[in-house]
Every structure is written in structure tokens, then in C-alpha cells.
Amino acid sequence: MRRSMTTGLSARLRRRVRDNLLAYAFLSAGLVCFALFSWYPLVRGVLLSFQQVNFVSDPYWVGLDNFRALFDDPLFWTAWRNTLLFTGLALVFGYVVPLGLAILLNELRHFAGFFRVAVYLPVMLPPIVVVLLWKYFYDPGNGLFNTLLRGAHLPESQWTQSSSTAMISLVLVSTWANLGGATLMYLAALQGIPGELYEAAELDGASVWQRLRHVTLPQLRFIMLVLLLLQIISTMQVFIEPYQLTGTTNPDTVTVMVLIYRYAFTVNYDFGLAAAMSVLLFVVLGAFSALYLRLTRSAT
Amino acid sequence: MDITAPPRPTATTASYPLRRSRRPLPARGVRTLISDLELSRGRTRVWYGVALTLVTVGFALVFLFPVYWMVSSAVKSPAEFALTPPTFVPRTFEPETYARAWTEMRIARYFANTVGYALGGWLIQLVVDVAVAYALSKLRPVLGRLVLGMMLTSLMLPAAALLVPAYLTITDVPIVGVNLLNTPWALWLPAAANAFNIYVLKRFFDQIPDDLLDAANLDGAGRLRMLWSVVLPLSRPVLGVVSIFAVIGMWKDFLWPLLVLQDPETQTLSVALSRLSNTSQVPPTQMIAGLVIASVPMIVIFLIFQRSIIGGLSAGGMKG
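Those sequence lines, one after another, are chains A and B. If you count the first sequence from 1, you need to add 2 to reach the numbering used here. If you count the second sequence from 1, you need to add 56 to reach the numbering used here.
It should be emphasised that the hints constitute simulated quantities derived from the structure, not laboratory data. Just so we're clear, the structure is a prediction, and the values are computed from it rather than from any experiment. Take the hints with a grain of salt, since some may be wrong.
[Unchecked claim] Per the computed footprint, the stretches of chain A lying under chain B, defined by three or more beta-carbons under 8 Å from a beta-carbon of chain B, are:
1. 22-36
2. 43-55
[As the list claims (entries may be wrong)] Below, a sample of chain B positions facing chain A; criterion: calculated Cβ distance under 7 Å:
3. Leu-117
4. Ala-191
5. Met-212
6. Leu-218
7. Val-220
8. Trp-244
9. Leu-245
10. Val-286
11. Ser-299
12. Ile-300
13. Arg-331
All C-beta atoms, glycine included, are put in the ideal place defined by N, C-alpha and C.
Bound conformation, chain B alone (with noise of 0.2 Å):
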């Protein structure tokens, strides 16, 4: 029996007729409301072109451009900023007008808070939620079910509606007694209590065949042992929605950050942003040059973690 090479697959060009006046439209798996066959006919075809010209271009403006203005505007010089009519392609070239919002508006120390909080809260909610769906979905405890319902029905409870009595608690938490305002841990507790988490990590978990546990059992595994070494190699890609998600709420969060850090020394870069840009005499390039710093960490996740961070949000939707 001879084993040869499979063909190579012909250059999909090579299926359409030479020649064509028009490029062809990039083929497509599915089937939307307009086929292609319609969309290719001669006039439908043009007015194709014109929708997505204006598209784009109306996604670049609209979208794109306020990006493009924040980072630009901030290398102006003050004077060129203040300009009637402003200029859109900046004259004078201050990048170091970054370097003084790093420094004189401190933002270095605020950053660095925001990372701490983010990756703080990051790990205690998943060290929380992850535990408390793996008791859940695999040891199934006796008032199991209750746990989990009393635990969703807090996603019933808008948050505004507790900023009060949690507040409260924060100020005073019941039995211990201590203070935990300016503290990381009036952020990373409420954190933890995080109900989709759980709801998503139990639903993977719960999708886990008993079988493989069992004979993790067989094998001499304990509960623990089964958690760490099947189940979470298992679930990596929920395990980075999760923690995906967990970073960007941690660094976009500003009302309960504003109640509970206080102290300007604690506080994150969202809420700093917002008293100095009530408070004090920044320049305006500088503030500007601090908003983007505070939108870099932003985009660059996204830029890195597009597929998960859409994925997630569409699967996110559907399910609750």
C-alpha cells in the first residue's frame, strides 16, 4: 500500500474565472440575511462598497478617533492645547509630559495600587469562587442547593442598592470588629462574593464526567487532590474568562473605590483621576496624559485577550 502525500490545496483563486473586472467578495461559511450571490450582482455590489466605506469610516471616527485624540493631545505643549481652533495633528512634541503626570500627579503610586487591588482581588476570587463551586458541582454537601440559591439570588440585588449597609460593614465588620476602610480588603471581600463566578465555574464543573474523579480515587487522590490536579487542568479556558473578567471590573470599578478609600495614599487611579480633576490645578495635558496611562493596561488586555474577552461576553449574554 503506498502512502503518498496528500494533494495540496489549490490556491482558492484559482476556482474563479480569471480576469474579473471586480474582486471577488471574500467567501463566507455562513449564511446571513443577504446572500452573496445578491450582494455580488452589479448594483447591490456598489452600494456594498458604499456601506462599508461609511462604516469604516465611521468606525474610526467615532470609536477610534477619541483614542487618537487623548493620545495625541497629551504630547501638545499647554499653549498649543489651549489653541482656537485646536489642532488635530499636534505641532510641538512633549512626550515627557507623560514622564511629569507619572511623577507630579503621582501617578506611579496610584497605579500601583490599582495593579495590587486588581491582582489581589484577582486570586481571592478565584481562590473563593473556584472552592466554593467545586464543593458545589463535585462534594455536594447536605443544604447544597440552598447555598447556591441564596448565593444567586444576590445576583437579584443591584449593587446600589447595598452601597449603604455594606459600607457599613466595611466601616465595622460585624463579630471581628475591625475597620477595614483604606484597607485592600474593603475591595477584595465584596469581590469575592462574586455570584456569576460561581455560576459559571460550577456550570463547567458540574460538565466534568464523576467518572474521571472516581478514578483520580482509584489512583489513591484525595478531594483536593482531584480539584488541583483534573478538574482545574481541565477548566483553564473558563478559568481564564473568569480571571479575565475579575481584572477588568477590579480596575474600572470607581463607586465603591470612591466610598471606601478615602485616603488619597490608598486610592486607585480611577478615583484619584476623579479628585484631582476636581480638585486641583493639573494642567490639562498632564490630566490628559494620566487618562491614557490609565487606559494602556485597558486596551493592551484587550488587544491580547480579544477572542476570550468577546467570546465570554457573547456566552456571558445568553446565559446570565
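Chain A extracted, bound-state conformation (with noise of 0.2 Å):
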């Protein structure tokens, strides 16, 4: 009986260490990739932005200079501007749009099937495929968008050539790339409101409009929040567009990830300074995100 006993409690003392070592045998892999590419990262990345670093000497510090030296170089601000200005524009055009385009299409009682794949078609597509592709819309001489104004005897534009439209023409690149996302998650929370309560409210003599109003959109405020703190983690790295379309040499549309780029990879090759601007938006993006998390997790 109680050899039994001792018996039945090694061999479960056993498993469990069996179970241990296998579990980190599993875990082996992931916790190596982890480590190399987000968490060793994470910390190097702020040393380095107290570091002066090249490839002749060793790195060595610095303080704060590299924060000194991105306050003193003008294109520092003119890029937080762009990306506010990039971010702030997207949010115009690329927040009420999907929302707007859901609500109806939900309405809609045919081809559900056809809107769907259309609207998602856009994000299916690469990116670099949809920059080059209204490259060739935006060509100032016979590019569609001009083509079309000229047929409607509109006046034409410049379009990503002039300093006061080439935001905006990114904008528009980016908004019809993405919505598409934005508008299916929307659908699917539209689909999830129940019926009594449109049946509630209709029979409370509420209309179609008031339904909108204290039905629908309440319902939806969960996700309308969540994809407004996705938006604008997503556009605050803009950084396809601008390289693609007006290059990464344009003070009008320099955003933050292209001066990064440039900091790192062009211009300076100084990752000291790269890093210190990396750290300043992983501040700024990083309090979005958390907020973002602690929505979604407390949600489920």
C-alpha cells in the first residue's frame, strides 16, 4: 500500500519533469526567434540611442546627443508634421468610409457575395503593385485620373509632383489599398447586432434614422474604437507610399519612417540616430497599442 503510494508519486514527479523538459524542448525554437527579433531588439534599441555607432570603431556613448542632434535637424519636425498631417488625413477619408460603406452594404439584399470580394480585392494585392499602379493614374501628362478630369473639362492636377496635393494623393493611394479591411470587420460586427432590437425600436416608432442613431451605432462602438487605435498605429508607419511615389528625398511628404530609413540606410548610415527616432515612435505608437490590447483582451 504505501509502496504503491511513493511509487504513484515519483512517477507523477517524474511526468512532470518529463513533461518540463519536454514542454522547453518545444518551446526551444520560439523563444530563440522571440529573443532575437523582439526582445534583444527592444533593448538594444534603446541602448543604441544613446550610442554612436559605425563600422570602424566599437560602439561607444554618447548620452544624449543623438536625441540633441534629431531636435536640431529640421526635417525631424517637418516628418512628425507629415505623419500627424498623413495620419490626421487617413483618418478624414479612411475611418467614416468603411464604417459608411458597411452600414449600407449591410442593407443591401443582393450581391453580398460581389461587394465583399471587390472591397477586399484592393488588400489583396501588394502594396509596392498598388503604389506603381497609381503611379501610372497620377502621371501628370496621360495618366487616368487627368484623363478623366479632362473629359469632365475639370481642372487637372499635379497630383504627387505638386507640394500641395502630394499628400493628399498619398492619402488616397493608402485609404483605397486599405479599406477594404476596415469595412469586413465592420460587416461582420454589424452582422452580430441582434434583430430584436431594430424590431424594439420600430416598434417604439423609431425611424430609420433614429435606429442608426441609438441602435446601430452604440452597438458598434467597441469596434469603431478598436479600429481607430488600429488606423492610426498603422498610418503613423507609413512608409510604402512616400518612397515609392514621391521618394524618400521629398521634404513634402518625408514621414517618420522614411527618415528613419534614411538616418539608417541612405544618407547618414548612422543607426545611432535612426534608433533614437525609433525609440520616440515606439513611445508614441507604443501607449496606442497598450491601449489597444487592453481593450481587446478585457473584451474577451
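Using the hints, put the two standalone chains together into the complex.
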């Protein structure tokens, strides 16, 4: 009796140890990848921002010099201003449109499959394809847009090639390419609204407009907030549109990511400076990310 | 007791009165903002028709036409492509432009590179992330919750903020000291550190009852066998969604491959198209053919896996 109890206990212990060893064997590849490309870079990024890095000597500490150099660079302020402008304009176009489209599509009784595929098609295209395609559309000579404007006897535009319209042109491409995702997420949320709510509101004599305001929108509040944060986080990291359409040297459209790229890989080859800029971006975006994670995690 | 065949469902049209002036709206199971009844009333019904037409035409113009423009422009002759005003239906037909892009722009090479990166990245993500999720969900080791927490914090890190230090890691991997620039590992290893996959997989594995695994254990199955014969077969749907998004993500990625694949021979299609468009004198029709070729795999995947992609997207948005 006693013997079997002790063997039972040690067997359980042995099994526990074996499971742990096995578990860490399973975890090992993942731990290595996360350590190399997530945890270590996070720490190293912060350290780099206080270092001077070149390929001749070892990195050495320079205190706040990188940050001082950033604040002295007029492009630094331009980049932040442009990024905020891009994010703001992208919200104006890209935030309300998917919501409106989803509400509209949800009421249509025909071609639901077609609408879904069509709106998501641009999201499937590789981003480089989208921007290069729009480069042809934006061509001031025989590009599609100026052809259409000319056909309608409207004034033509220089699109990406004029400093007054460059930014808005980038926002339009980005909105076209990305609004499908948000639209489909809103559609899914709309389909989760219980029909009884609408029926009850209708019995109370609520008009369509009142039902929209007092039933639909309150029910969507959570997903609207989530998508707002997601959109801010992704548009603040805009890169490919200015990189490919207006170039990294154009001060009208230089964004934070473009400037990080320039600092590290083209003009300055200064990883310390780029890391300092990344740390600042990280602080700004980290706040939004934390909020997003809190929201989504508390909801499930 | 007689067993009779269940009555065949009668055609649904029979329930509507015969000879209606308008075709009935397709019946819907769910109630939305505007009820079917309201919509079918005279004036509203007309507005519905107007709205439906506008949205259909609008969607075709805004979302489909650019893709049509791309596919059709590539087959125009260079002279026709340069015409002002441009033609919308090609008058010339030179499908060989696609073949020329494939060989002269060396798209064959970049296409093969990208396929290799995408499939390898998919396999590595699946193996590494399934192993992590299984260990955390079913083996529950000491410090498992801490490991999960640390992996999930990486969701908070915007990829952009890690660009420079991650690049330096690639050029000189700590401890082993190898340079992974211009190798597939530069794309594969960072892709495997995907906290979102792990989160989704673990949540799914958590729902598989332990009783099922215990039963397998009684039958003499080890932990690895349980994963292979019990957990994975039950997880087909989630594995499918993770796989599709892994391949799409690898195919669409731009900034990271731009940094770590500087040797043209190793570049992805996206990076090569960007480089060719910036530096070389490729005829525009050939360039556009290149854009079409880069899009085809994504469009094919979309048309085949529509349901999973749209479903996965809705689920992903809600659960983060």
C-alpha cells in the first residue's frame, strides 16, 4: 500500500519533470526567434539611441547627443508634422468611409458576395503593386485621373508632383488599398447586432435614422474604437507610399519611417540617430498599442 | 411503422402570390436596420433600386476597374499605351509582353525567390508557433505564463520601432556570429516570432478537452503523438487560417525584405519591382505586366480561400 503510494507520487513527479523538459524543447525554437528578433532588439534599440555607431570602431556612449541632433534637424520636425498630417487625413477619408460602406452594404439584399470580394480585392494586392499602379494613374500627362478630369472639363492636378497635393495623393492610395479590411470587420460586427433590438425600436416608432443613431452606432462603439486605434498605429508607420511615389528626399512627404530609413540606410548611415528616432516613435505608438491590447483583451 | 420519404420542400416562389409586378426581395434570415417590409414599400423600393445600382457601379469602377486597367494595359503596344487620351479597350493585343517581362525583367527569378520565401516562411511559422502554442496550452511548463506574456508584449511593439536593431541582429547574429543578410533566414526567423499566431493557436488548443488527451495517453500515446494524432487533426480550421495569412503576409511584405535582401539575385518580387521601377528603363507595358504577375498568386489565393480570409479577418479584428 505504502509502496504503491510512493511510486505513484514519484511517477507523477517524474512525469511532471518529463513534461517540463519536453515543453521547453517545444518552446526552444520560438524562444530563440523571439529573443533574437523581438526582446533583444527592443533592449538594443534603446541602448543604441544613446550610442554612436559606426563600422570602424566599437559603439560608444554619447549620452543624449543623438536626441539633440534629432531636435536640431529641421527634417525631424517636418517628418512628424507630415506623419501627423498623413494620419489625420487618412482618418478623415479612411475612418468614416468603411463604416458608412459597411452600414450600406449590410442593407443591400443583392450581390453580397460581389461587394465583399470587390472591396477586399485591393487589400490582397501587394502594396508595391498598388503604389506603382497608382503612379501611372497619377501621371500628370496621360494618367488616368487627369484624363478623367479633362474629359469632365475640370481643372487637372499635378498629384504627387506638386507640394500642395502630394500628401493627399498618398492618403488616397493608402485609403484605397486598405479600406476593405475595416469594411469587412464592420460588416461582421453589424451582423452580430441582434435583430430584436431593431424590431423593438421600430415598435417604439423609431425612424430609420433614429435606429441608426440609437441602436446601430452604440452597438458598434467597441469595434469603432478598436479600428480607430489600429488605423492610427498603422498609418503612423506609413512608408511605402512616400518611398515609392514621392521619394525619400522630398521634404513635402518625408515621414517618420522614411526619415528612420534615411538616417540608417541611405544618407547618414547613422544607426544611433535612427534608433533614437525609433525610440520616440515607439513611445508614441506604444501608448496606442497598449490601449488597444487592453481593450481587446478585456473584451474576451 | 411506415417509413415515408419526407415531403419535398416546395419551391419558395410558390409562397408568393402569383403575378406580382415586382420581383420580391431575396428573403433574409437576419433583421437589419431597415426591415424587409419597409424596403418593399413603393417609394423605398425605388430608392433601394437606385442605391443598389449606384453601389454596384461604384464598386465596379473604384475597386475592379484599376485591376482591369492593369491587366489590359499590359497587352497594349507601347505606342498605344502612350496615347493621349488613353484607350480603355486595347486596340492592339500583345500578350507576349507578359512573356517578355517574365524573362527580360527576370521576373521568373524573383517569382521563384518569393515562392520559396513564402513557403519556407509558412512552414517555419507553422512548426515553431504550433510547438510553442502546444507547449503553453497542454504541457503547461513552469514559467509558461511568463513566456506567453513576454511573447504577447511583442504585439505592442510596432514593427517599425525594431527595424534598426533587428537589422543589426541579422547582420551579426549574437553568439553564433553569422551574417544572415541576403539569405532566406533573414525573412524566416523574424516571421516565426509571430505572437499573433501563437495567441490564436493557443486559444484554439485550450478548447480541446484534456480528457481527449488523457484517453490518448491511456492508449499509450506520448506527448508528441498526442499533438500529431489528436490536437492537429482537430485544429485544421485554425491551421488553415494561420497558413493563409502567413503566406499572404510573406508575399506582401516590403520594407523588411527591402532592408535585408540587397543583393538583386535574392530579392523578392515586390522589392525587385520597386528597384526596377526606380532605376531601369523598363518599358511601361512590361512593368505593368510585372505588376499583374505579382498580383496573380494573391488573387488566386483570395478567390479560393475567400471564406477563410474574410472569416479570419472578422475573428481577428474582434479578438486582437
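Okay, the hints, checked on the actual structure:
With a cut-off of 8 Å between beta carbons, the segment 22-36 of chain A has 11 residues touching chain B; three or more are needed, and the interface restraint holds. Under a criterion of three residues with beta carbons nearer than 8 Å to beta carbons of chain B, the stated coverage of the segment 43-55 of chain A is upheld, 5 such residues being counted. A hinted interface residue such as Leu-117(B) counts as satisfied when its beta carbon comes closer than 7 Å to some beta carbon of chain A; here the least separation is about 10 Å, so the hint is violated. The closest approach between the C-beta of Ala-191(B) and any C-beta of chain A is roughly 4 Å, which is under the 7 Å cut-off, so the hint is satisfied.
Given the 7 Å rule on beta carbons, the hint for Met-212(B) holds: about 4 Å separates it from the nearest Cβ of chain A. A least Cβ separation of about 4 Å between Leu-218(B) and chain A falls short of the 7 Å threshold, and the interface hint therefore holds. With its C-beta approaching chain A no nearer than about 5 Å, Val-220(B) sits inside the 7 Å limit, and its interface hint holds. Interface hint at Trp-244(B): violated, since its Cβ lies 9 Å from the closest Cβ of chain A, which is beyond the 7 Å cut-off.
For Leu-245(B), the shortest C-beta to C-beta distance to chain A is roughly 5 Å, which falls under 7 Å, so the interface hint holds. Annotation: Val-286(B) was flagged as interfacial toward chain A, and the flag is violated, the nearest CB pair being 15 Å apart, outside 7 Å. Because the beta carbon of Ser-299(B) sits about 16 Å from the nearest beta carbon in chain A, more than 7 Å, this interface hint is broken. At about 11 Å, the closest approach between the beta carbon of Ile-300(B) and any beta carbon in chain A exceeds 7 Å, and the interface hint on this residue is violated.
Here the hint on Arg-331(B) is broken, as its CB sits about 10 Å from the closest CB of chain A, past 7 Å.
The earlier numbered hints that this structure contradicts are 3, 8, 10, 11, 12, 13.
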